[in-house]
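Given chain H, work out where chains G and Y should sit, using these hints.
Sequence lines, in order, name chains H, G and Y.
Counted the way my numbering counts, the first sequence spans residues 1 to 255.
Counted the way my numbering counts, the second sequence spans residues 1 to 112.
Counted the way my numbering counts, the third sequence spans residues 1 to 314.
Hints in this document: simulated from the structure, not taken from any laboratory.
Be careful, since some hints might not be right.
Stated by the list, open to error - In silico lysine-lysine, BS3-like type, Cα no more than 27 Å apart, as pairs:
1) Y:K156 x G:K35
2) Y:K104 x Y:K272
3) Y:K156 x Y:K19
4) G:K35 x H:K135
5) Y:K153 x G:K35
6) Y:K215 x Y:K19
7) Y:K156 x Y:K215
8) Y:K287 x Y:K272
9) Y:K19 x Y:K153
10) G:K35 x H:K132
11) Y:K215 x Y:K104
12) Y:K215 x Y:K153
13) G:K95 x Y:K19
To be verified - Selected chain H positions facing chain G (in silico; Cβ < 8 Å):
14) E37
15) E39
16) L42
17) A43
18) N46
19) R143
20) T146
Stated by the list, open to error - Label pairs and their in silico Cβ distance ranges:
21) H:T208 x Y:Q235: 54 to 62 Å
22) G:E12 x Y:A258: 32 to 40 Å
23) G:H40 x Y:S159: 25 to 33 Å
On a predicted model such as this, the values are computed, not experimentally measured, just so you know.
A virtual CB, placed ideally from N, CA and C, is assigned to each residue, including glycine.
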Amino acid sequence: MNTLTTSTPLSTYAVRLADDNVVLGQRLGEYISMAPELEEDLAIGNTALDHIGIARFLFTYAGELEGDGRSEDDFAMFRPERAYTNALLVEQPNTDFAHILVRQFFFDAYQVPLWERLMASTDSRLAGIAAKGLKEATYHLRRSSTWVVRLGDGTPESHARTQAAIDGLWRYTVELCSTDNVETTLAEHGIAPMATDLASDWARTVDTVFEEATLTRCADDFQTSGGRIGMHTEYLGHLLAEMQWMQRSYPGLTW
Amino acid sequence: MSYDVPLAPGDEPAEIHADLDRAGWPLWEVFVRAKRGLNHAHVGSLHAPDAETAIQNARDGYTRRAEGVSVWVVRSAEIHASDDADSMFGPFEDKPYRHPTFYEIPDEVGQL
Amino acid sequence: MGTEAGAARFEEIIEADEKIEPRDWMPDGYRSTVIRQMAQHAHSEVIGMQPEANWITRAPTLLRKAILMAKVQDEAGHGLYLYSATETLGVSRDELNELLHTGKQKYSSIFNYPTLSWADMGAIGWLVDGAAIVNQIVLQRTSYGPYSRAMVKICKEESFHARQGYSIMMALANGSDEQKAMAQDAIDRWWWPALMMFGPHDSESPHTEQSMAWKVKRITNDDLRQMFIDQTVPQAHYLGCTIPDDDLEYNEDTGHWAIGEIDWDEFWSTIKGDGRLNRERIAHKTKAWEDGAWVREAATAYAAKRSVSLEASA
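With the rest of the complex left out, here is chain H:
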């Protein structure tokens, strides 16, 4: 139940996308009951459920592809930090509402073009998941854009906090639209796009919303990455410790 033995580029890719969604879903789950208004708690809940749902579909598919009998919970609950392949952006903490919405916005701006292209995947299962994901991500992007604009062009305080969130999360953005051998292989077979192909869509979405929000890109263009090879920030370990606690404490039981 720990080391990959029968992974393929496609199963690796499915796990990568699942990891993005399960970690982000977990982060949003931490915030339920803490939102600025009741209506916001409802909205955050919906977003979290969408991400957990997509993660479950993808983990299940990865398990089938491997053929080792790994379940969605085997993936989520029994892999250690170095086996997780989510992008670093999604493991960043819920510092404040601005951070939560900027993190979401950056991720949504990448997810929408990703799912759009994956709908044309030659792998019909992935294409099906992408169709569902696109509907969800389209709404997420609408919502997060709405908030980034209101926070950016709201009060001086909201503007300052939102710019600070952008500046704090900027360094994790290039990783989203970066590619590797796994993708190159899949792209050759028309299974997945190269994430680099998404970069111009991402930039256009971000710049358009920033302009309306009176916000700017971070002046410091330093970038960090490593999530796709399990080289995470120090946050992921704590997140997994909490998420995996029950299964690690009581292995092999039914809940």
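Relative to the frame of chain H, chains G and Y by itself:
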């Protein structure tokens, strides 16, 4: 999930000021069309700072169980309601000749 | 409508088991009773999010996590419907928040208890939502229209809550010795607080008579409590669990389960604000509200700028 929480001995019931003009996000009424072919029906209200947010909040708050295909949101302050039901609606109660059932047509006459 | 005519019409509507709507004449006492009950019901839903939100990040499976998120989200939604119903009587959400945060309005005592193990998620869904459902099904017939309609909507959603809670208990009851012990421990801690949810004996409850006359309340506290006990005890036995009450006994003649005496000191001290987590629950809610002030202000400021520019271009 609750019940009528009793007052503890020595507690006074809270004074309510009932002024809807306090600062904060305005109140919006929400109407949902459950499915194609039906009217929008009133389902409740919510608070939102503007129309776009109100629509999103209505979607998240009132349509989670696939209960709608379209939402309308209207500032509560823009809803104008009738009152004095007796004079507004009472006079329509005694004019049964407006209804088809008032008229007895023999069955043999056919479709009427 | 004049007071005399209004009062007569009000009585007529109540007598005919019809609904009082927001713009109808109503006695001041009716108005304040209904406001208080709806508001406290709404506050209960919102505070009620906290004990379960406590376990979202630690749910043992992704499915259980999703279910728990959906449930807590429903509590928020129920709060929304109930605040919405309360606002039909002219009270603002802002004022309601203030009344909650300052302790002037209360919420159901049950949410002042801590969720100490995963089994608590089962116990809460089964016992707490179960008790709420008994109450709420009856409240669908309450006389104030918006409250009644909110209750109908809530009841439709609530039945999944009790079922998912019981399904957690069944999984534990059929599991390892540790899981079984976890389930029993949760029942031991949540049973009596769940019974207290139905409130004091009607003989100790000064509001009951007037609430019943106005058809705000349809069935008495004690009768509702008995309904809950009778339906729930067999469910506990089905799990192979015991109820923590040495005086629990089935009465063949009445067909009801008799229970021991509830600890009313614990009940009243929790109502007064000295339960296990009253301070923490309010602090959590107040912090969320205060931390979010800059967010709400930003959205309001943005909307104001837009309407100014719309007017300017008109």
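- Message: Can you tell me whether the CB distance of G:H40 to Y:S159 sits inside 25 to 33 Å?
- Response: holds, 27 Å
- Message: Given a cut of 8 Å on the nearest C-beta pair, is the interface hint for H:E39 held or broken against chain G?
- Response: At 4 Å from the nearest chain G Cβ, H:E39 passes the 8 Å test, so the hint holds.
- Take a look at whether the Cβ-Cβ distance between G:E12 and Y:A258 falls inside 32 to 40 Å. About 36 Å separates the Cβ atoms of G:E12 and Y:A258, which means 32 to 40 Å holds.
- Does the CB of H:L42 sit less than 8 Å away from some CB of chain G? holds, 5 Å
- Query: Taking only the CA atoms, is the gap from Y:K104 to Y:K272 under or equal to 27 Å?
  - Reply: holds, 11 Å
- Would the pair G:K35 and H:K135 pass a check requiring their Cα atoms to be no farther apart than 27 Å? holds, 19 Å
- Message: Would the hint linking Y:K215 and Y:K19 be met if the CA-CA limit is 27 Å?
- Response: Holds. Y:K215 to Y:K19 sits at ~10 Å (cutoff 27 Å).
- chain G contact restraint for H:T146 - C-beta distance below 8 Å: holds, 6 Å
- For the pair supplied as a hint, Y:K19 and Y:K153, is the alpha-carbon distance within the 27 Å limit? Holds. Y:K19 to Y:K153 sits at ~16 Å (cutoff 27 Å).
- Going straight from one Cα to the other, do Y:K287 and Y:K272 come out at no more than 27 Å? holds, 21 Å
- Query: Going by Cβ atoms only, is H:N46 closer than 8 Å to chain G?
  - Reply: Since chain G brings a Cβ to about 5 Å from H:N46, closer than 8 Å, the hint holds.
- Quick one, are G:K35 and H:K132 close enough, alpha carbons at most 27 Å? Distance of about 20 Å is within 27 Å: holds.
Checked against the numbered hints listed earlier, the structure breaks none of them; every hint is satisfied.
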